[in-house]
Amino acid sequence: MLSIKNLHVKADNKTILRGINLEVKAGEVHAIMGPNASGKSTLAQVLAGRDSFEVTQGSVRYQGKDLISMAPEERAREGLFLAFQYPVEIPGVNNVYLLKAALNAIRKHRGQAELDAVEFLGVVKEKMSLLQINEDLLNRAVNEGFSGGEKKRNEIFQALVLEPKLAILDETDSGLDIDALKIVAEGVNSLRSDDRAILLVTHYQRLLNYVIPDYVHVLSDGQIVKSGDRDLSLELEKRGYDWVKQEVANA
Amino acid sequence: MSTQSKEVEALVKKLYQHGFYTDVETDTVPPGLNEGIIRLISKKKNEPEWLLEWRLNAFRHWLTMTEPNWAHVHHPPIDYQGISYYSAPKSDKALPKSLDEVDPKLLETYEKLGIPLREQEMLAGVAVDAVFDSVSVATTFKEKLADAGVIFCPFSEAVQDHPELVKQYLGSVVPPNDNFFAALNSAVFTDGSFCYIPKGIRCPLELSTYFRINAANTGQFERTLIIADAGSYVSYLEGCTAPMRDENQLHAAVVELIALGRAEIKYSTVQNWYPGDEHGKGGIYNFVTKRGECRGNNSKISWTQIETGSAITWKYPGCVLTGDNSVGEFYSVAVTNNYQQADTGSKMIHIGKNTRSTIISKGIAAGRGQNAYRGLVKVLESADGARNYTQCDSLLMGDRCGAHTFPYMEVKNSSAQIEHEASTSKIGEDQLFYCTQRGISEEDAVNMIVNGFCKKVFKTLPMEFAVEAQKLLGVSLEGAIG
Amino acid sequence: MNAAAGPVERYLAEFARVKTTLAGAANPPLQQARKSALARFAKSGFPTRRDENWKYTDIRAIEKRTFKTAEPSHDGIARDRIDAVRFNALECHELVFINGHFSKALSRKPTLPKGVIVDTLASALEHRGGEHLEHLSQYANDGANSFAALNTAFMADGAYINLSANARVDHPIHLLFLSTEQDDALMNHPRNLVILGEQAELTVIESYIGLDGAKNFTNTVTEVALGRGAVIEHYKLQQEGFMSYHIGSLHIRQSRDSRVYSHSISLGGAIARNDIHTVLAEEGAEVILHGLYMASNRQHVDNHTRIDHMSPRTQSVELYKGVLDGHARGVFNGKVVVHEGAVKTDARQSNNNLLLSDTAEVDTKPELEIYADDVKCSHGATVGQLDKDALYYLRTRAIDEDAASSLLTYAFAGDVIHHIKFAPIRARLEQVVIRRLPNMDRIRDIL
Chain A
1 MLSIKNLHVK ADNKTILRGI NLEVKAGEVH AIMGPNASGK STLAQVLAGR
51 DSFEVTQGSV RYQGKDLISM APEERAREGL FLAFQYPVEI PGVNNVYLLK
101 AALNAIRKHR GQAELDAVEF LGVVKEKMSL LQINEDLLNR AVNEGFSGGE
151 KKRNEIFQAL VLEPKLAILD ETDSGLDIDA LKIVAEGVNS LRSDDRAILL
201 VTHYQRLLNY VIPDYVHVLS DGQIVKSGDR DLSLELEKRG YDWVKQEVAN
251 A
Chain B
252 MSTQSKEVEA LVKKLYQHGF YTDVETDTVP PGLNEGIIRL ISKKKNEPEW
302 LLEWRLNAFR HWLTMTEPNW AHVHHPPIDY QGISYYSAPK SDKALPKSLD
352 EVDPKLLETY EKLGIPLREQ EMLAGVAVDA VFDSVSVATT FKEKLADAGV
402 IFCPFSEAVQ DHPELVKQYL GSVVPPNDNF FAALNSAVFT DGSFCYIPKG
452 IRCPLELSTY FRINAANTGQ FERTLIIADA GSYVSYLEGC TAPMRDENQL
502 HAAVVELIAL GRAEIKYSTV QNWYPGDEHG KGGIYNFVTK RGECRGNNSK
552 ISWTQIETGS AITWKYPGCV LTGDNSVGEF YSVAVTNNYQ QADTGSKMIH
602 IGKNTRSTII SKGIAAGRGQ NAYRGLVKVL ESADGARNYT QCDSLLMGDR
652 CGAHTFPYME VKNSSAQIEH EASTSKIGED QLFYCTQRGI SEEDAVNMIV
702 NGFCKKVFKT LPMEFAVEAQ KLLGVSLEGA IG
Chain C
734 MNAAAGPVER YLAEFARVKT TLAGAANPPL QQARKSALAR FAKSGFPTRR
784 DENWKYTDIR AIEKRTFKTA EPSHDGIARD RIDAVRFNAL ECHELVFING
834 HFSKALSRKP TLPKGVIVDT LASALEHRGG EHLEHLSQYA NDGANSFAAL
884 NTAFMADGAY INLSANARVD HPIHLLFLST EQDDALMNHP RNLVILGEQA
934 ELTVIESYIG LDGAKNFTNT VTEVALGRGA VIEHYKLQQE GFMSYHIGSL
984 HIRQSRDSRV YSHSISLGGA IARNDIHTVL AEEGAEVILH GLYMASNRQH
1034 VDNHTRIDHM SPRTQSVELY KGVLDGHARG VFNGKVVVHE GAVKTDARQS
1084 NNNLLLSDTA EVDTKPELEI YADDVKCSHG ATVGQLDKDA LYYLRTRAID
1134 EDAASSLLTY AFAGDVIHHI KFAPIRARLE QVVIRRLPNM DRIRDIL
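Chains as they are written, first to last, in our numbering: chain A, 1 to 251; chain B, 252 to 733; chain C, 734 to 1180.
It cannot be assumed that every hint is accurate.
Said to hold, decoys possible - Okay, the calculated beta carbon distance ranges per label pair: (1) SER193/A <-> LYS710/B: 40 to 46 angstroms; (2) MET316/B <-> GLU135/A: 55 to 61 angstroms; (3) ASN134/A <-> HIS1060/C: 23 to 29 angstroms; (4) GLY679/B <-> SER856/C: 41 to 47 angstroms.
Claimed, not checked - As a list, the in silico DSSO-like pairs of lysine-lysine whose alpha-carbon atoms are at most 27 angstroms apart: (5) LYS108/A <-> LYS245/A; (6) LYS1121/C <-> LYS1068/C; (7) LYS776/C <-> LYS801/C; (8) LYS245/A <-> LYS226/A; (9) LYS14/A <-> LYS847/C; (10) LYS14/A <-> LYS165/A; (11) LYS108/A <-> LYS165/A; (12) LYS776/C <-> LYS706/B; (13) LYS393/B <-> LYS418/B; (14) LYS295/B <-> LYS418/B; (15) LYS125/A <-> LYS706/B; (16) LYS450/B <-> LYS356/B; (17) LYS837/C <-> LYS847/C; (18) LYS776/C <-> LYS14/A; (19) LYS1109/C <-> LYS707/B; (20) LYS5/A <-> LYS65/A; (21) LYS65/A <-> LYS127/A; (22) LYS837/C <-> LYS10/A; (23) LYS847/C <-> LYS604/B; (24) LYS25/A <-> LYS108/A; (25) LYS127/A <-> LYS108/A.
Unchecked claim - Chain B side only, calculated, beta carbon under 8 angstroms to chain C, not exhaustive: (26) THR315; (27) HIS655; (28) THR656; (29) PHE657; (30) PRO658; (31) MET660; (32) GLU661; (33) VAL662; (34) LYS663; (35) ASN664; (36) ILE669; (37) THR675; (38) SER676.
In case anyone wonders, no lab produced these hints; they're calculated from the structure.
Using N, Cα and C, we set each Cβ at its ideal position, and we do this for glycine too.
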């Protein structure tokens, strides 16, 4: 599904990613972990098409296509979803209208009929209860006045409605209390399926207690320096990141 | 300029759709402004002596005035002698009594503009007065309104049929010497709409006037007077368009509203005069004086304006809050693109006790557009308990436009509470990215964000006009309106 | 001076009378500069209310009065009067001017660090060479401002401060301008010039204080030029007599990454007008303007500020507060201009006013003029009364309504004063503000 080869990325003339290699297949859940400023969020943003980053080397193929040359909305319509670390507020734009417009844009792209308001609400209602989103939140302006937890829940809720092929969750667990974390984790788990891949970008392994990853990668200084399975994340939790850095330095 | 700005700018570029010209035979007076022309206009309209005198006094005063230069706009000097002050389609009858007598070419023109005047096609629930250059050519639903006792007719007709009302209220809110353009209008105004809503009547239809400038080298100087008697309610809308021409044309209107005790007037404008081309050539100079007076206690006047057209807009619809507990409102969206300039805002004059006013202004500047908010909130000594809230936000699209805010607050009463907030920002890259990441095209995303930015104002428009207003801003309704 | 002549003629005559006694009389270019400034003044005359910058301030009271240039004389001022207005608890360098003339005897000038010049302007004009004076009149824009032009023509003395690169004065420099009651109404035109080299740091305090029943006219101009990364903290404390007139302006040019922190406290004068104009000429420059104006009786106080963002990533924050009582009138006009190309500008401004009486008045006009996109600008202005909930809360805590009002008014004004770094200045202002409040005796105990 996603094949990243030797990806180098620069922003403001500073190299942030220095040769990322990663293969993600449908049905898999990968966790990208790493200390602050290791380039985790940059990777998520670059995959979604943020134009403030410049790809200087390497390639990213998504479902056999060159991802880097695609506009952000094309990527989204092809099923790539980014749950933002800091979802932006858009005053005056209703949350549910944004979602309806998004879903219909994606459906149209897939050659499916657009949903009318009633059908759309049917889809939405079902997913709302899972994430305990209430109607009021749905009818407010996008992210405006949402609490931190509401914003994160809303992101996962959008993922559920839009049914992506590749969901990238950027620090979706940060700033959540334990109850909210469980709700979000349940949402993420319900996203798991054989034809869908999930990329979890996170600093802590807290979320991974609830969403068990198939693979864990450690990103440090713009490179994946270690890969493993779930045990690696537990070890990181116990020992921090320094020992990995040390290992890299010694190698 | 960043690519981002370029893209955004490309998205907001759109073609003017009402730029056609109707070829009709006209009765047009030669250019020039003097007492003779004013006498001629007055004679053509068969006006009483007092009105001619009123015009001439205004003209004599105008001669002593100079064009205001404080607005944040620039234009070459206007040659007031180069303008023809009267132009009307030739017709057998001075005032057509029914639609059958109206030149089919004119009906066709309004149809093209989306304002069908023929009986079977008329917009349900909206009575329309159609003003073509210097005259009103048709008014719909007259009978239905008459049944309710509502007078809605061309201004020239009101002068003939209801002279006592005209005499009592004309110039009572905007005196002839109020400002340079109001004085000019008072001297040479030709037509416009007149409304009177009797005591206790809720006007059964939306009233609307559609202004069309057609002839070249003319100006349009219309005069609108709306009187809402005690306890009445009326909602009035106006729309305006003009052909595309390389020359600038002057539109200097005066609108006066009077709300007596407990009366409410809602006045909405969708202004789409020809804005000039992308190089700033041509377009209408829209220099307009609009003012309402809440003369009675507990009355309310609410202005909403969507200003997308005109090369230059200079207007400050305001409310004189004379009656105790009266309420004034002003909601505005002003868009300037290419070389358009807007200097617009509101004046709220608090005189009565516990008077309240709200100003919400949304300015959008794109291209090389210059968009200025200018407002005055004045609280006189007598206005105990006055309240004002003003919010003016500007959105910048592209890096060659300008957005300016000039609010004046003059407060002479210690119990007043006045609050003003303003912000300026560019259309957010984060917001655009968020929408496109959800699969929405950049164009739709811009429309959505702009629409969201203007939402507070659109909400105050009657439904039909809200739709038109959003279209005007290039806002696609799909996905933005549920 | 011939009182019957028009105002401009009176000033021309006064100039002819005193020009040979003004500093630098032997310096032809300076004499020429004075003359041409006077000619500019003569051409434009005093501003009228038709001038947008003077829309709310009528200065005809100044225009019609005759003021005489003061002679250098310090008779009759008791030492203790001066001690009362010094900041004795504050370790500082202090230059004292009586009616515009420097008094060496009253001044305190401890040893200065290397690279620091603190001189009087008169001495600088007489003795210092070109490079010291090349900044003079570069920022005050006296072509557009007739009071500044008048100042350039008549400037007699003031401070000349020059810090070379990396120089730093640990203690504030206090410029104390005293205005005293004399037989004639006096005018004085203080002029200060402050130049900071790269990374230099300085705190300067300008105090304008009226003694006795002074009914004078002070027309002051201060110019400040900041090198790269230079930092200045500037205080202006205006406590002229209630029968005096004060017109003052501060003009600043800021180089890259320089920083200005200005506090302007305006309490005295029958008519007081304070202008601050800063030009954020280069990238990264930053300015904070804090202001407090309090007026009562028939006082008129007008604050005009203008901030020009000329370059990218410049920042401004402005907070002005006004408390108006009696028949007083307060005016605020804050203009922020973001010029083409000044992207990533961040400008915030707010002006809050309290009207304490039914006859007080305030006119406020915050303005934004923006010619660049990618900026964050906001302003807000309020006119209102004290928070009713807070009043209620205090009353439930057994404080009576009058005292509670005063307390909240003090808190409102205190917002600006609390930002003042130097305790002795803060303490003095707190006392002055409390004295100005209704029911001051009652709240003094509470505070």
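Now for the hints, and whether the structure bears them out:
no., hint, result
1, SER193/A <-> LYS710/B: 40 to 46 angstroms, "42 angstroms, holds"
2, MET316/B <-> GLU135/A: 55 to 61 angstroms, "58 angstroms, holds"
3, ASN134/A <-> HIS1060/C: 23 to 29 angstroms, "55 angstroms, violated"
4, GLY679/B <-> SER856/C: 41 to 47 angstroms, "56 angstroms, violated"
5, LYS108/A <-> LYS245/A, "47 angstroms, violated"
6, LYS1121/C <-> LYS1068/C, "31 angstroms, violated"
7, LYS776/C <-> LYS801/C, "21 angstroms, holds"
8, LYS245/A <-> LYS226/A, "10 angstroms, holds"
9, LYS14/A <-> LYS847/C, "41 angstroms, violated"
10, LYS14/A <-> LYS165/A, "31 angstroms, violated"
11, LYS108/A <-> LYS165/A, "16 angstroms, holds"
12, LYS776/C <-> LYS706/B, "52 angstroms, violated"
13, LYS393/B <-> LYS418/B, "22 angstroms, holds"
14, LYS295/B <-> LYS418/B, "19 angstroms, holds"
15, LYS125/A <-> LYS706/B, "26 angstroms, holds"
16, LYS450/B <-> LYS356/B, "39 angstroms, violated"
17, LYS837/C <-> LYS847/C, "22 angstroms, holds"
18, LYS776/C <-> LYS14/A, "58 angstroms, violated"
19, LYS1109/C <-> LYS707/B, "21 angstroms, holds"
20, LYS5/A <-> LYS65/A, "13 angstroms, holds"
21, LYS65/A <-> LYS127/A, "30 angstroms, violated"
22, LYS837/C <-> LYS10/A, "62 angstroms, violated"
23, LYS847/C <-> LYS604/B, "65 angstroms, violated"
24, LYS25/A <-> LYS108/A, "26 angstroms, holds"
25, LYS127/A <-> LYS108/A, "21 angstroms, holds"
26, THR315, "16 angstroms, violated"
27, HIS655, "5 angstroms, holds"
28, THR656, "4 angstroms, holds"
29, PHE657, "5 angstroms, holds"
30, PRO658, "6 angstroms, holds"
31, MET660, "5 angstroms, holds"
32, GLU661, "5 angstroms, holds"
33, VAL662, "5 angstroms, holds"
34, LYS663, "5 angstroms, holds"
35, ASN664, "7 angstroms, holds"
36, ILE669, "4 angstroms, holds"
37, THR675, "4 angstroms, holds"
38, SER676, "6 angstroms, holds"
The earlier numbered hints that this structure contradicts are 3, 4, 5, 6, 9, 10, 12, 16, 18, 21, 22, 23, 26.
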